[in-house]
Structure formats: C-alpha cells, structure tokens
Amino acid sequence: MDIEMEMVPLAHYLFLSATLFVIGVVGVLVRRNAIVVFMSIEIMLNAVNISLIAFDRYLSLHDGQIFSFMVMCVAAAEVSVGLAIIIALFRNKPTINLDEFNIMKS
Amino acid sequence: MEPITAPAIDLVSLAPVLVLSVFGIMVLVTDLFIGKDKSVLVFISLTGLLMGAISSLAKYNLPVHSFNGAYIVDHLSVFFTFIFCISSALAILVSVDFNKREGIKVGEYYSLILFCTVGMVLLASATDMIMIFLGIEIVSISLYVLAGIRRNDPKSNEAALKYFLLGAFATGFLLYGMTLLYGSTGSTKLVMIASAIRNGGVASEPLLLMGVVLLIIGLGFKVAAVPFHMWAPDVYQGAPTPVTAFMAVGPKAASLAAFYRIFSEAIPQLSPSWEILLCVVSVITMFVGNLGAIMQTNIKRLLAFSSVAHVGYLIIAIIAKNSLSSSALMFYMLTYAFMIFGTFGIVILLGRKGDENLEIENYSGLAYKHPVLALSMTIFLLSLGGLPPLAGFVAKFFVFSAALKEGFLILVIIAVLNSAVSLYYYLKVIVFMYMKDPVKEFDITLSPMTLFVIAISIFGTIQLGIFPDSIIALAQAN
Amino acid sequence: MLESYLGAGIMMLMAIGIAGGMVVMTSMLGPKREFADKMEPFECGESPIVSPHQRFSVKFYLVAVLFVLFDIEAVFFFPWAILFKQLGMFGFIEMLLFILILGVGLLYVWKRGGLDWE
Amino acid sequence: MLLKLTGLVPLFPLIGCIINGFLGLRIGKNAVGLIGAGAVGLSFLTTLFIFAGLVMTPVEERVFEQVLFTWMSAGDFAVDFGFQIDPLSMTMMLFVTGVGFLIHVYSIGYMHEEYSFYRFFAYLNLFMFSMLLLIMGNNFLLMFIGWEGVGCCSYFLIGYYFEKKSACDAGTKAFVMNRVGDFAFLLAVMYIFNIFGSIDFTTVFHAAPEKLIYDGETVTIITLLLFVGACGKSAQIPLYTWLPDAMEGPTPVSALIHAATMVTAGVYMVVRCNALFALAPLSMTTVAFVGGGTAVFAATIGMTQFDIKRVLAYSTVSQIGYMFLAVGVGAYTAAIFHMVTHAFFKACLFLGSGSVIHGLHGEQDMRKMGALKDHMPITFITFFVSTLAIAGIFPLSGFFSKDEILYHALMDGNVILWGMGITGALLTAFYMFRLVFMTFFGESRVDPHVHPHESPKVMTVPLVILAGLAFFGGALGIPLFHGWHVLHNWLEPVFHFDMASALEHSAHLLHEQGKHAPSLTHLLEPAEHNLWVEVALMALSFSIAVAGIFGAYMCYIKMPHLPASFTKGQWGYDLVKNKYEVDELYDETIVKPTLEGSTLLWKEVDAKGIDGSVNGTAKTLGWLSNHARTFQSGFVRNYALFMVVGFISLLIISL
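Chains as they are written, first to last, in our numbering: chain A, 1 to 106; chain B, 1 to 478; chain C, 1 to 118; chain D, 1 to 655.
Pulled out of the complex, with its shape left as it was, chain A reads as follows:
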C-alpha cells in the first residue's frame, strides 16, 4: 500500500486540495442559492481535510487525523445549524436567494 502511495507525490494531494478549496471559494462568490453557497463552504472544509490527511500520511504524523475528525464533526454541527437557520428564514420569506436578504445595510 505504501509503495502505491509513494508513487503519487504529496504535492499532487496539496494541489487537489487547493483546487477544491478555490472551487469552494468561487462557488461562494458566484452562486445565489443559500444551500449551494453552503455546499461550497463544505467543499472548502473537505478540501482542508484532504490536505490534513495527506500531510499525515507523508510526514508520518497523527495529529492531522484527529484534526480532520474534528473538522468533520464541526462541519456536521454547522450543517444542522445552517439548515435550521435557512428553514427559519424560509418560513418568513419563501426564498433562499441570498440577494433578497438585504434589509440591513448602510
């Protein structure tokens, strides 16, 4: 198993992770649907997880695995809170288009 892994250098994983992260960022910037924006944020978090695990594997460390567990957990908690907020929002104003939430501004 190790031999197979060695064949793919660390940089490739980091590259994948960075790409995913940027895809997430761009998603947040260009999409209007709150749920999709939210999904993009999850992509960012998971991109981070990829780096964490890759670092662990290549530098023979362990903390990153724990870290990624925590990230997943926290992400789940955020999902539930986020969905709850979006549902509460939807009840008052039946839309999830972010551009329509603009009561407060200077």
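The set of hints was computed from the structure by calculation and includes no laboratory data.
Ideal Cβ positions, reconstructed from N, Cα and C, are used throughout, including at glycine.
Where hints are given, some of them may not hold.
[Stated by the list, open to error] Okay, derived cross-link-like pairs now, DSS-like style, lysine-lysine, Cα gap no bigger than 25 Å in a straight line: (1) LYS164/D x LYS440/B; (2) LYS619/D x LYS165/D; (3) LYS440/B x LYS428/B; (4) LYS428/B x LYS165/D; (5) LYS164/D x LYS369/B; (6) LYS164/D x LYS436/B; (7) LYS93/A x LYS353/B; (8) LYS105/A x LYS93/A; (9) LYS165/D x LYS436/B; (10) LYS59/C x LYS105/B; (11) LYS105/A x LYS155/B; (12) LYS353/B x LYS105/B; (13) LYS165/D x LYS440/B.
[Stated by the list, open to error] Now the stretches of chain D that chain B is said to cover, found in silico as 3 or more residues with beta-carbon under 8 Å: (14) 143-153; (15) 171-182.
[Claimed, not checked] Counterexamples of contact, computed for chain B against chain D with all Cβ distances above 10 Å: (16) MET26; (17) ILE360; (18) LYS369.
Following the hints, put chains B, C and D in place on chain A, whose structure we already have.
Leaving out everything else, chains B, C and D in the frame of chain A:
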C-alpha cells in the same frame, strides 16, 4: 500490540470548562421540565458562571500545562476566564428584562450563552490548534443561533444567515491556514511550531507564510477586523440587543486572546513577515471603523463600527507582543466589557416592545427626562472615546505605551489620531441627549436587572479609570 | 528565495485557473438558445399539470438534520473500536461519558418533540 | 503642616459638583448657589493656607509633592496620582480659585432666572476641579486629565443654552478643535514617556538636559507638539476660531473659562515645560511668532465686531498671544504676570459686559447700546478701570505686565516681535475704547422698550473687587529696580535652568554620535538690564496707548454726534464741518483702510481660510464615511468577495 497508556489527564485545570458545560447541560435539561417562567434558568446560569469563575482559580503556581501541552492555565487564561464569566453574567442580566419585553421565551438562550462561554474559555486556554479550532467553533455556532433566536423577526433571521455563511466561509480560511502551518512545521501545538521554526524544521517556507496569511483572515473575521468586518454592522443591528452586547465583548475577547497566543507563542519568529500585515490591518481597521461610524444614524450600527475601530487598537497590542501588551490586552477587554454592557444596557432600557428606539434621534432630550441615564450614557461614551480619567483612556494609554516601547511610533500616532476622530461620533449621541428637544415621549420602564448592570458598569468604568492599579497588577502578574 | 514561492504561486494560479475556468467555460461553451417551448418543463410531450416544485415538509429536514448530527458523532467510535483492547478501562469510561452526553442530547430532542412525526 | 492640605483644594469643588449634580433640583436655588460658590470659596481659603505654608518654607525647598496613590503601574513604569506645589502652581491656584470664587458669586445673581441653575453650578464646579487638577498635577498624564476635563466642561457650558443651534455648534466646534490640540499633547506625552521612561515633571525636567541634545530633533518635536496642544487650548493661530464662537455660552462662563483660566492653560503648560523649551530654540521662536502674530491678528478683528462679547473674545485671543510672545522670548515671569493681570481685568470686563447684557435684558449688539454710564454707574466705573488696565495706562496692572513683555521682546533682539507687540498695544487701546465709547458714552441707541438698570449687589461686588485687583495688580511686578519685582523673585526658582551644564551634556551626546558640537557660548552670557531702555519703552507704550484711545475717541465720540449737530443746525457749524473734514481725512486715510483690511482679514482668512479648513476636514470625513458606507451593501456575497480581495491583498503585501 502494546496497551496504550492513558494520557495525562488533569481535570482540575479543565475545571471551568467542565463546570460551565455541566451547568449548560443542566439549564438545557431543566428547561424541559419547567413552564413558561424561565427565571430559574437565569439563576442556574448565573450560579454556573460564578462557579466557573471560582473554579478557574483551582490551579496555583501558574502556568500549568496539561493534556500533552494542548491546554494551559496561566495568568492570561485565568484573567480572560474572569472577563468571560463577567461578560456572560452581564449579558444574562441584561437579557432578563429584554426577553420578557420582547417575548423571547426560549430556555436554550441561557444554555447557549453558557456553551459559548465554554468555547471562550477553551479559546483563551488552548495551546493546540485543534483546541483553538474547537473553541472558535463552539463560540461561533452558539452565536449563530443566538443571533437568530428571534425566529419570527426577519432582521434577526437575516443577521443569523449572514453571520453563519460568512462565519463558515472564514472558518474555511482559518482551517486551511492551520493545516498549512501544521503541514510545514509538523505539529499542531503552538510551542512545537515555534521550536520547529526556530530550529529550521520548516518543510516549506511559502506554505508557512501562506498559512499565516490565512490565519490572519480567519481570526480577523472572528474579531471583525477590516476587511473581514463587513458582517459586524449588519449582524449587530439584526441580532437581539443583549446578544449584540454579548457578541461585542466575550467572543471578541476570546478570539483576541487566541490571536495573541498564536502570534506570540507559535510564530513570533516570523514577526518580520506578519508585523507589516497586522499593521496594515490595524490601520485600515481603525480608519474604516471610525469613518464608518460617523455617518451612522442607528445606534447599534454606530456601536458596531466603533467596536471595529476598537479592534484596530487592540491589534496593536498583538503587534507589540511584549509582556506589557498582554496585560494591556486583558485590561482593555475588561474595561471594554463594562463600557459596552453599560451602553447597551441603556440602549435596551430605552426600547419598548415593538419599537426599540434605535435611531440616535430618539435619544434627543434624554438628559431632561432621565438625567442619570443620560449622564451614565455620557460616561460610557466618553470612556469609549478614551477621555481621561475614565477606564477607556487608561486602557488605550496602556496599549499605546506597549507599542511605543517596541518602537511603533507611526502606528501609535495613527491610533491616537483615530481615537481623536472617534470622539466626534460619540459626541454626536451626547449632543442629541443634552442639546435637542425630545422627538417623542420616553416611555421607559426602569427594569431592575438592567439598571443593576448599568450600575455595575458605571462603577467599573470609573473605578478602572481612577484606581486601575490593582487590576493592572493582577493582569501583569505573569 | 523567490523560486521557493514559484511552486506555491503556480499552484495557486492553476487552482484559481481551474476553478474560475470552469465557471467561465460553462457560461461560454454552453449553448444559449432560449425559446418559449424550451423553457417549459418537459414531461413526455404533455403540458405540465402541476408545478414541479413540490415542497417537502419541514419534518424531513428536521429528521435529516438530527440524523446527520447523531450519525457523524459515530465517527468517534471507530478509533475507539479499533484500539478497544489497548485503550482498556480508560477508553471504556471515556466512551461511556461520550455516550452519556450524546444521550442527554437525545433526551433533549425527544422531550422537545423532535422525534414526533405527527 | 499647612502644605498637607493640598489634596483638599480640588476636593471641595468636586464635592460641590456631586451635591449640586445629584441633589440640585431638590435643595433649591439658594442652597445650590451657596454650595457652588462656597465650595470654591473654601478651596480658595485652603489655597491661602497652603500659600502661607509655602512662603514659610525656605526658598530652595519650595517644591512640595503630595502623592495620593499610585494611579497605574506597569512594568517599570508608574504614574502617581499626586500634586505638585511650587511657586508656579501656587500662583496659578491662587488666581484661579480667587477669580473663580468671585465669578461663582457673580453667577448666583446672573443665572438666577435659569431653570437648570443647579446644572450650571455642577458644571462650573466640575470645571474648577479639572482646572485645579491641570494646575496641580505632578505629571503630564494628570495634567492631561485636567486638560481634557476642562475641555469637556467648556463644551457642556458653551452648549448650555441648548435651545440655540448656534450654541450647540459652537460647543462641538470648540471640542473638536481642542481635540486637535489634545492629540498633539498626548503624542508629546507618549514621546516623553518613550525617552525618559517617566512622565513625572520633576524626573523629566531634571533629566532633560542630560538626555536631550540642545536644538536637537527630538526636543524640537516634543516641544512643538506640546505647543500645538497649547495652541488648541489657548486659541492661538490657527486653532483660535472656536473661542469667539464659544461666546454662545453664558457670560460668567466666558469670564471664567474663556478669559481668565482655561484658555491660559496652554501658557501655563508651556511655562511649566520651560526646561524642555529652553533646549529648543526653534520652538521658542515659533512660539514667539505665533504669539505675536495672534496678538496683532486678533486685535484687528476685534475692531470690526459689534457683539460686545465677541470683541472681548478676540481681545482675549490677542492678549494670550502676548503671553506666548513673552514665553517665546524666554520671559516666563512676564507671561505669568500678564496672565494674572489679564485674569483680573478680563474677568472684570466680561462680568461687566454680562452686567450690561443683564441690564439690557439680553442685548449684545453694541449698536443698540450707548450712554449706559448713567444707568449703571458701578458697572461703568469698574469696566472703565479694567479697560484702562488692558489698554496699558499707567499705573494700572496691564501697563506693567504688557510693558515687561515688550521690553523682553526688544531685549531678546527681535525688533519684529517688538513691532508686533507695540502694534497690538495700539490696536488694543483702540478697540477697547471703541467698545467703551459705543456702550457707555454717546447717544443712547437702546431699544425704547428696554429700561437699562444696574445689576444687583451680588453681581456688582465681584466687579468692584476685580476692578480693584485690575487697578493694583501691577504692584506684583514693579519693574526698574532689582528686588522690587515680587513675582519675579517668587517664581525665580521654577525657571532656574542651568544652560551651561545642558550645553555640556548635549556636546557630550553629540560627541558620542560622532558629530561636532557647535559653539553656543553666546547663550551663556548674562542678559543685562538696561534701565533707560525700559524707561523709554514705558513712555513709548504709554503714548501708544493714549494714541489708540484718542483714535477711538475721534471715531466713536466725535463722529456719531455729527448727524445730530446737523439737525440742530446753528451753532459752530463751520467748526464742526472742519472737524468733520479732519475726521473724514483721518477716516479715509487711516481708519477706513485699517478697518477694511481687518474686515477683509476677518471675512477671508478667518471665515474662509481657517474655518473653511475645519469645515473642509469635517466634509472630507463625511465624504469618506459615505463612501465607506457604500461598500456596506448588505449583500452576503459582496462581503465574501471583500474577504477574498482582502486575502489576496494581504498575500501580495506579504511577498
């Protein structure tokens, strides 16, 4: 395989976290079995906060490292734990009457504040990035819910959504930064990171630096530094007023403590690279905060921008990173807690059901109907503006002196200039209170709890201004 | 010094390029001929009878959220299960505490009525 | 020991403020007045005791520090909350509490009709407290507290008539302009802390010659910053425009804060820091020229005003300019001397004008006054005496103090400064007598519905006392013979500065930096006292004052009669006509150009230039603020975009 020996567990040093968590759960569970009257929950939460504050003294001979160097009890963390407990207690006290008036009848409100406090204590005591991340998330998630606790109010909803989406977005950056730091130094522990950098054990310098930039973004968002501050005015405006006050003090203090710890303990060696970044952030934060506040007509937005400006001053303490600056940071946050809760206490008192009277115009002529309230507000605002001999001045003086000691002359000049500008908009409110005729009748119910908070805040603001020495001595015992 | 940034720089540029490229490409390459019939929802040649946007009951979301929460907590059981023997009594007690806290959460959800379908 | 009473001096007004502020409405007006004035009276009495104590101590030991508690300490840095009593602060305390007490008494009468009488006295007492803190503080920070405190009280008192929008604007303007000065002051304090590691007066001034290079960059920056602070508080060019506007406040406030005490705080501060200024010749020159310039400039504007209080306000600006002129040429005693006499006569003038306004039921326009001397004799006499004093007529107080300043300006070797001073003296005599003539002499132009009346005793008694002080105050500093100058002998120890050793130190410091120290031995030559020059100057300045008065007489007594004599027709027509032509000539060639020029100065430079720049700054801030607001669009995605842009910018900076 070998049996794994149990890691060294030091529950005593974790005492405040445990106590607060237990009380938080207790509030949650009790709420299930009681009726509409939530005063017993208030009592439990206040007891919990008191116990939490006391339990933070359980360790002496500081600093104590525990959990394999992931957790520390030192003067910084104990002092900050006290600030958190005080600010959460004040937040609960101002909420009582507010919630009654506005019909917020959810018991989770109090437990969320307690859980949030747990997160803050973790943040101030963590010396491991995983713990810091957990702390930040516990705080943030509680705040997302608290901001949107008025489920039927579109403003509150919007505030929660904005805060949540942007907060999660910022968390992504923060995490990525932590990952890069971890990847290039091989550890999540702050001390180990520092030693890796010192001993040249850095795998990739560019990744490390990029990690630092990402960290600044993530933490900058949590403390509302420019340009990551834009959520603050909207969220402060939309959230229920006691939550706004709470947000402006406790979580901000906690994030600043973590900010300080990371930058002074993990990556002090890199200061030539990040000093300039933080200087830029600090300067634009001060300017945007103060300039933004000038034109505001809503008191909550005004205070939001003013709190952004205050973060600008506080970042200076992080940049200076000497022993004076850490005690300055602690002292500043303590005084800030009193000033903010005092101000918001009065803002809450002035509101009525369905009409919160948040326009500055509504403060016209307050001095004639309620001279004592107007005087208190004046004291808080002048203290926020840094007028001696009030607490705000001493705090600012401390931070600026710490920076001067490290030779940041220009930064300090800009900061002093900014605090001169800031007085302009604080004065605007005072002008309205003292020098305009009332636009409408004041219909103020002098609720005892809120008055109590205001009284404590007045005492704190004046006491810390005229006799700050004992507290300063505590803050710099390390 | 700058060379070492080169790699990171190229990586960033490519990452941005790919992500941005995908957004730009879809809008550029995708055909955009729009006419009335095309914008109609397609239902086997028939005109649609009801709006396709059916609302799911909020209950589904609630259950989904609760499921996600409790499900993800299970992730912490895996390391414990793998090292069950080595961790011994310490691990066992820790896990009991963990489950206890989860149980309090479950109790809360139950009493709040989160598990009632009707 | 009497000196131990020091802490009580500021305590009394503070207690008065608290009682009046919180219980004022309940205890009734009489009690409020009694407490307000009584508190200041008590602190004046205490000050007298302390003064006696200080006089009894030997000259070398006349510095007494009383530390109440440690205000804050951090690391190696500690600030005490303590008071410093030395001849300088003693002098200030005496006249501040003394004049303050009189003005408090006067206010009881003047403000009696006001609804929020108690509020006024609470502010006034708070002001006294802050002012005493400013004077007595033993370190820069405590001085700064007092400094900000008096600013705050001044702001509240200017805006006392809050119904008037102009009053509010004036208050805000005063506060903001003061903040500019305060900003500089605070920077200077921090700079001092940075260099000396302490902000105690004694420590800093003691260490100054050892740590600072004569004419070095550091000391110049520090002193200039301090001076900018002083400019803000003492209304000097370019930060003076708030003071005339500040006249929107009640008249006793103008007398106490904007004439006698607060506005002279800047002078006090510079004098207090004489050990620093002595090392910075460039700053000294700046101080002198700004002072001299202000003295002339404000005086010219004073000639064009018709509001009785605004004339006095510009006069105050001008007189403080004199004090700075004195400080700038190193004549510290002269500056303090003039400050004291100015406090006497200017307080009397303001209170007198208040009495006039009171008697005319609120009229402030001099064009609607005239011939009041018969209606209000006491006011008139006291006012006249003070006017003579400010105009510099022998042997009144103003004559001696102004003359001393002019003498030192000339002896310092700068004829331009002296010229400024003498021009200012001429203009002062002119506009002050213009004021007197328009108000008390000539035809009555008073609104027929208004019946002028003399003010009650509680107002006139302070006037009489102040006029007496204005008359005899000059005795403090009779010049000519060594040893007669009481004030000089008294203040001497404070201004003692060992220039020789300072130069030695700075030469040493320069040497350490590898630079060559310039030879500055000429600084060490003792200044000689030239008796005859002084006598000649006295005669000159006396005649200048008389000339000014004569000018005013010509313009404002003679000319206004002309239309009336025409209607009466017959007697002495030719004579009058001849007179008229003389007057006309005089008017055309001298008065009119001067007046026009000064009006132009007032309209263009004052209103557009300086006010304009203040307003411009406010506008720019508003504009920036508006732009900052447009970013705050309310759209989540914009905010996210901003974060990303911020990230990229930081990344770029970090490379």
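Each hint tested on the structure:
1. Note on LYS164/D and LYS440/B: the hinted pairing holds, with a Cα-Cα distance of about 20 Å set against a maximum of 25 Å.
2. For a cut-off of 25 Å, the pair hint linking LYS619/D to LYS165/D stands: about 19 Å separates their Cα positions.
3. A distance of roughly 19 Å separates the Cα atoms of LYS440/B and LYS428/B; the hinted pair therefore holds under the 25 Å criterion.
4. Straight-line distance between C-alpha atoms of LYS428/B and LYS165/D comes to about 14 Å, which keeps the hinted pair within the 25 Å bound.
5. With a C-alpha separation of about 19 Å, the suggested pairing of LYS164/D with LYS369/B holds against the 25 Å cut-off.
6. Restraint check: the Cα-Cα separation between LYS164/D and LYS436/B comes to about 9 Å, which is no more than 25 Å; the hinted pair holds.
7. Our distance criterion of 25 Å between C-alpha atoms is met by LYS93/A and LYS353/B, whose separation comes to about 23 Å.
8. Taken as a hint, the LYS105/A and LYS93/A pair is honoured in the structure, with Cα atoms around 18 Å apart against an allowance of 25 Å.
9. Pair hint LYS165/D plus LYS436/B holds up; C-alpha atoms about 9 Å apart against a cutoff of 25 Å.
10. Using a Cα cut-off of 25 Å, the hinted pair LYS59/C and LYS105/B holds, with the two alpha carbons roughly 22 Å apart.
11. Between the alpha carbons of LYS105/A and LYS155/B the distance comes to roughly 11 Å, so the proposed pair stays at or under 25 Å and holds.
12. Restraint check for LYS353/B and LYS105/B: the C-alpha separation of about 14 Å stays at or below 25 Å, so the hint holds.
13. For a cut-off of 25 Å, the pair hint linking LYS165/D to LYS440/B stands: about 19 Å separates their Cα positions.
14. Only residues whose C-beta sits within less than 8 Å of a C-beta in chain B count toward coverage, and the region 143-153 of chain D has 5 of them, enough to reach three; the restraint holds.
15. Only residues whose C-beta sits within less than 8 Å of a C-beta in chain B count toward coverage, and the region 171-182 of chain D has 7 of them, enough to reach three; the restraint holds.
16. Annotated as non-interface, MET26/B keeps its C-beta farther than 10 Å from every C-beta of chain D; the closest such distance is 36 Å.
17. With a cut of 10 Å on Cβ distances, ILE360/B stays outside the contact zone with chain D, its closest approach being about 14 Å.
18. At roughly 13 Å, the least C-beta separation between LYS369/B and chain D is larger than 10 Å, which holds for a residue marked as non-interface.
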